[in-house]
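A.B. asks: Turn these sequences into a full structure, and let the hints guide you.
Chains as they are written, first to last, in the numbering used here: chain A, 1 to 266; chain B, 267 to 822.
Simulated from the structure, these hints should not be mistaken for lab results. Keep in mind that this is a model prediction, so the values were computed, not measured. Any given hint could turn out to be false.
Examples of chain A residues lying across from chain B (beta carbon under 8 Å, computed) [as the list claims (entries may be wrong)]: (1) K164; (2) R184; (3) E186; (4) V188; (5) M191; (6) K195; (7) A201; (8) M206; (9) A245.
Ideal placement from N, C-alpha and C gives every residue a C-beta, glycine not left out.
If you want the building blocks of each chain, they are given just below.
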Amino acid sequence: MHQENIHNYLRSYFLANDCHILQEKPGLLNVQLTIELDKELMNRPFYWHYLEKTGGTPRPMNLTLITNQNVEENGEFVHFGAPRLHQIFSSTKKLASSIRLYEEVQTSFQQQYPLHPWLGLNIKISYQCDRKKHRLLSLGLHLVSGAVVDDFHNLLLKKALTPKIPDYAFTVTPIIKPASGLKRLEGVVEMLLAKEDVQWAEEAQMRWASDQHLLDQFYLGNTNDQRYEVEKEALRKQYEPTITAEIINGGIFHLVPGIESQPYPT
Amino acid sequence: MRTELQFSQEWTNHFLKQIDEDGPWANWELFKLAIEAEHHRAIPSFTGLQAPSHLPHLTPHPYQLEAARRVVEEMNGKAILADEVGLGKTIEAGLIIKEYMIRGLVKKVLILVPASLVSQWAIELNTKFYIPAVVQRKSYVWDQCDVVVSSIDTAKREPHRSIVYEQQYDMVIIDEAHRLKNSRTKNYEFVQHLPKKFCLLLTATPVQNRLDEVFNLVSLLKPGHLGSFENFEKDYKSKEKNPEDEERLRSLIKKVMVRNRREDTGMEWPERIVRTVPITFSPEEEDLYRSVEALKKEPISTRSQFSIITLLREICSSREAAYMTLKKMLEKETLDEVTQTFIHSLIKKIESVPTNSKAEKALELIQSIEGKVIIFTEYRATQLYLQWFLKEHGITSVPFRGGFKRGKKDWMRELFKNHAKVLIATEAGGEGINLQFCQHVINYDLPWNPMRIEQRIGRIHRLGQEGDVHIYNFATKHTVEEHILTLLYEKIQLFESVIGQLDEILTRLGMRDIEKHISDILLHSESEGEIRIKMDNMKELINYQKEDSNASRKYS
Numbered sequence: 001m002h003q004e005n006i007h008n009y010l011r012s013y014f015l016a017n018d019c020h021i022l023q024e025k026p027g028l029l030n031v032q033l034t035i036e037l038d039k040e041l042m043n044r045p046f047y048w049h050y051l052e053k054t055g056g057t058p059r060p061m062n063l064t065l066i067t068n069q070n071v072e073e074n075g076e077f078v079h080f081g082a083p084r085l086h087q088i089f090s091s092t093k094k095l096a097s098s099i100r101l102y103e104e105v106q107t108s109f110q111q112q113y114p115l116h117p118w119l120g121l122n123i124k125i126s127y128q129c130d131r132k133k134h135r136l137l138s139l140g141l142h143l144v145s146g147a148v149v150d151d152f153h154n155l156l157l158k159k160a161l162t163p164k165i166p167d168y169a170f171t172v173t174p175i176i177k178p179a180s181g182l183k184r185l186e187g188v189v190e191m192l193l194a195k196e197d198v199q200w201a202e203e204a205q206m207r208w209a210s211d212q213h214l215l216d217q218f219y220l221g222n223t224n225d226q227r228y229e230v231e232k233e234a235l236r237k238q239y240e241p242t243i244t245a246e247i248i249n250g251g252i253f254h255l256v257p258g259i260e261s262q263p264y265p266t
Numbered sequence: 267m268r269t270e271l272q273f274s275q276e277w278t279n280h281f282l283k284q285i286d287e288d289g290p291w292a293n294w295e296l297f298k299l300a301i302e303a304e305h306h307r308a309i310p311s312f313t314g315l316q317a318p319s320h321l322p323h324l325t326p327h328p329y330q331l332e333a334a335r336r337v338v339e340e341m342n343g344k345a346i347l348a349d350e351v352g353l354g355k356t357i358e359a360g361l362i363i364k365e366y367m368i369r370g371l372v373k374k375v376l377i378l379v380p381a382s383l384v385s386q387w388a389i390e391l392n393t394k395f396y397i398p399a400v401v402q403r404k405s406y407v408w409d410q411c412d413v414v415v416s417s418i419d420t421a422k423r424e425p426h427r428s429i430v431y432e433q434q435y436d437m438v439i440i441d442e443a444h445r446l447k448n449s450r451t452k453n454y455e456f457v458q459h460l461p462k463k464f465c466l467l468l469t470a471t472p473v474q475n476r477l478d479e480v481f482n483l484v485s486l487l488k489p490g491h492l493g494s495f496e497n498f499e500k501d502y503k504s505k506e507k508n509p510e511d512e513e514r515l516r517s518l519i520k521k522v523m524v525r526n527r528r529e530d531t532g533m534e535w536p537e538r539i540v541r542t543v544p545i546t547f548s549p550e551e552e553d554l555y556r557s558v559e560a561l562k563k564e565p566i567s568t569r570s571q572f573s574i575i576t577l578l579r580e581i582c583s584s585r586e587a588a589y590m591t592l593k594k595m596l597e598k599e600t601l602d603e604v605t606q607t608f609i610h611s612l613i614k615k616i617e618s619v620p621t622n623s624k625a626e627k628a629l630e631l632i633q634s635i636e637g638k639v640i641i642f643t644e645y646r647a648t649q650l651y652l653q654w655f656l657k658e659h660g661i662t663s664v665p666f667r668g669g670f671k672r673g674k675k676d677w678m679r680e681l682f683k684n685h686a687k688v689l690i691a692t693e694a695g696g697e698g699i700n701l702q703f704c705q706h707v708i709n710y711d712l713p714w715n716p717m718r719i720e721q722r723i724g725r726i727h728r729l730g731q732e733g734d735v736h737i738y739n740f741a742t743k744h745t746v747e748e749h750i751l752t753l754l755y756e757k758i759q760l761f762e763s764v765i766g767q768l769d770e771i772l773t774r775l776g777m778r779d780i781e782k783h784i785s786d787i788l789l790h791s792e793s794e795g796e797i798r799i800k801m802d803n804m805k806e807l808i809n810y811q812k813e814d815s816n817a818s819r820k821y822s
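C.D. replies: This is the structure:
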């Protein structure tokens, strides 16, 4: 992640959280935090607790973040490894967990138009043994026809979306309920994974078996030894291949019909 | 075989509740940012290192990055990091911990280090690696902090021990791990019972003297890698040396060990300038020394009461050191009269020694040096004496010992850095403090184990040292010291040669216990001439092996 990206990310994050930017220049961002964001980021529960008890005037902090080391001003240097950035990443995820949006269309003659409901999920898959990697998926499920599209998030980025239903739009009632929609998408993820190469897991199993074999030799069948049990369990934790899916975020999207006719080949 | 998918339900339940309650819904900008953040955080591949991109302030050396990569990709996160002293094993360990933390494979880390290094480790992990390591000072730290630095002596004691065993550590790091070479110690047993999902053992002297020490270290890391104890004994110890077995053993060890040597790093290192400083005894000192030496000719009943070699070495260091040993002997109840009389006569001789020739030489040298100086001695009594002696001559010095509490060690180091000219360290204090701001080392008396001298020099000849390093070896003429110096440090050219190489040679020769060999030669030779011949034989043997290993290196 480049320093400019980090700068832009931070600016968007604070603006999206209704903070006022006091000063901005290349490599520097000075932000007046809102009360909510002060509580979210500054880790001073005692102050807020005290204030609420005494009824004083809240004074949320202002934060100066430096994204270019050559800027000679006081502030916190934020780079890709900085704990602050990862705190803000986590905060973003927490604050943006689920959403509902409507597509807005410019219509002439005040014409009414229908919007179809979609369930969209952004999913992070973790493949773990003694190593680890991720795969990100963005899936959309058409809650009328059951069609599934891949790369759903990129599709949404091309649209004008709004949190309130536009004046001339009307929504079509879903045939698939959200709860069963979620189950369907889980099924889709499973099916996608079934098509993947499993060599990594097989190799991990082999490494595991090999170390387990050495361990057995070392204790020469004396498996009652407590140390043997400890080591054996540690080997399982080290090597056992697991795949987990975690939903980053998702929501209900009411969109102009059309996309479901180019569904993802399932 | 297919790996089953675990689908986290946490989000799902929350989402369904929000649908029921019609909100609150997130803001579209934030929603997009959350996905952007995940794209940055996601790790696309099992291989490669993520850590460097998280550490813009750190510029690891290529060999350090390679070490980290090998540990993760080839050793599955269990390794002995055995770089020579001063090459930055801590940096390698930090990179590896960071890598696993970024990948989400490690959350809880237990770092066991000598007491003197606890705060240094915590500071380095926090400042260089943004790893929130906490020094274990209160017992709640075990539960509440993910990355804990502690001394092994604290951790192994109750009530800590039980709490430590209750934690689910993902990674265990042990610094100065050569201290765990003996499998019968409490420390060894303690570590053996720790679950080690990922584990790093750090040591600069992996094969100190004996093969079974390597066995113990490797077995701690990866039990069975070198077979069971019984088989190991059978294959490598009892039999005649079989080159194929040795080769097999070495290649097995290589699979779990990273060992960088200065010469392999491809970097420019400051020079080591070694000088021998000969000392001449005063007549009184000479007399004292010869009286002890003469004990060798006494009947066994008298002779065996004394550890002659120890006394001779002590006399070469300071009369105080010898006095302490004699005084301790007198406290023994079983002493016969002849011995007692002899001890008393020796003490009389000690009392009549007016000056310490070596200390005077040291003073002269220190006064001629502009920068800071470290003096290493093996004896506590010498340390105290030198401190007093230097003070008499207006030179401030700071003592340093292994037994100091960690806070005191840090403080002494700072005192030396900012306020004193000289640091006087005993052997045990040498380990694990970094003194690269100093360029002069006086080996006031020489350890007989070459690895220990390397540990000493490594304190200052390490990453961050900008000037050349000067080493002054003190040796009293016509004494045991001269033999040692001639053998180890001049004829084998220990200082110039690569320490790892000597270590290998000694192992192959089966002379892992070089101290004992030398003692035997000195004690059981009839004359100076005999000593010289035996030492020469030893030298020839070692040098022969060295050329051999040089040659095989060239072709490998």
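A.B. asks: Does A:K164 hold up as a contact with chain B if the rule is Cβ-Cβ below 8 Å?
C.D. replies: Result: violated, 11 Å to nearest chain B Cβ.
A.B. asks: For the restraint on A:V188, tell me whether the closest CB of chain B is nearer than 8 Å.
C.D. replies: The hint is violated - A:V188 has no Cβ within 8 Å of chain B, the shortest such distance being about 11 Å.
A.B. asks: Classify the hint on A:A245 as holds or violated, based on whether any CB of chain B lies nearer than 8 Å to its CB.
C.D. replies: holds, 5 Å
A.B. asks: May I ask you to test the interface hint for A:M206 with respect to chain B, counting a Cβ-Cβ separation under 8 Å as satisfied?
C.D. replies: violated, 11 Å
A.B. asks: Does the interface hint hold: is A:K195 within less than 8 Å of chain B, judged Cβ to Cβ?
C.D. replies: violated, 11 Å
A.B. asks: Quick check on A:M191 please, does its C-beta sit within 8 Å of some C-beta on chain B?
C.D. replies: Since the shortest Cβ distance to chain B is 10 Å, the answer is violated.
A.B. asks: With a cut-off of 8 Å on the beta carbons, see whether A:R184 makes it to chain B.
C.D. replies: violated, 12 Å
A.B. asks: Does A:A201 hold up as a contact with chain B if the rule is Cβ-Cβ below 8 Å?
C.D. replies: Holds - the Cβ of A:A201 comes within 8 Å of chain B, reaching about 5 Å at its closest.
A.B. asks: Tell me if the interface restraint on A:E186 is satisfied: Cβ within less than 8 Å of some Cβ in chain B.
C.D. replies: holds, 5 Å
The structure does not agree with the numbered hints 1, 2, 4, 5, 6 and 8 stated previously, though it agrees with the rest.
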